[in-house]
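Chemist: Sequence:
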Amino acid sequence: MKATGIVRRIDDLGRIVIPKEIRRTLRIREADPLEIFTDREGEIILKKYSPIGEMSTFARQYAESLAQVSGHAALIADRDQFIAAAGGCKQMMGKAISKELEEKIENRESVMATRGDKNFIRVAAEGMDEVANEAIWPIICEGDVIGAVVLANNELKNTMGDVEQKLIQSAAGFLGRQMEQ
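Quick note, the sequence shown lines up with residues -15 to 165 if you use this note's numbering.
Everything labelled a hint here was simulated from the structure, so no lab data went into it. This list has only true hints and no planted wrong ones.
Here are the simulated BS3-like cross-link-like pairs (lysine-lysine), alpha carbons at most 25 Å apart as the crow flies:
no., residue 1, residue 2
1, K79, K4
2, K32, K(-14)
3, K(-14), K79
4, K150, K102
5, K74, K141
6, K31, K83
7, K74, K150
8, K4, K32
9, K31, K(-14)
10, K32, K74
11, K102, K83
12, K32, K79
13, K79, K31
14, K4, K83
15, K83, K32
16, K31, K4
17, K102, K141
18, K31, K74
19, K4, K(-14)
These figures come from a predicted structure and were not determined experimentally.
Assemble the whole structure, with the sequences as input and the hints as a guide.
Modeler: Take a look at the structure:
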């Protein structure tokens, strides 16, 4: 564990303020849920909660199927990182999503684009610079955006179309409904 040198007091309601620098670094926003753990040494551990992260095994299997059916790389992300990756992009597991993707997810926007288009975005913060085509659809659960489904490839000629759009739309809808149960 890394010490920050920052000390905060608990107020009369039992609250503690997480410093802005730490919230910014860990990408914790207002109203983000945090899990609370304790260890044997009496330490309290706060962990950013990812509802879709609970389904990571299922999401990995779904990504594998999606990649196999579509012939593209398939990624499933929560609001911060990729929780599933298949089809030649397994190295992206656990990697941070880009600010642009985070913004698209937050705004509930879907994307179908080829590199050079005005709505083409970087999907990952690092490690996926060779993407030529992308299809992105937000995952919505009980009215809240919890992540996104992404298909990507690195062949300019192999553009995304209606089939890919329907695939990711179905995948996002299915994953969102699974989370509601």
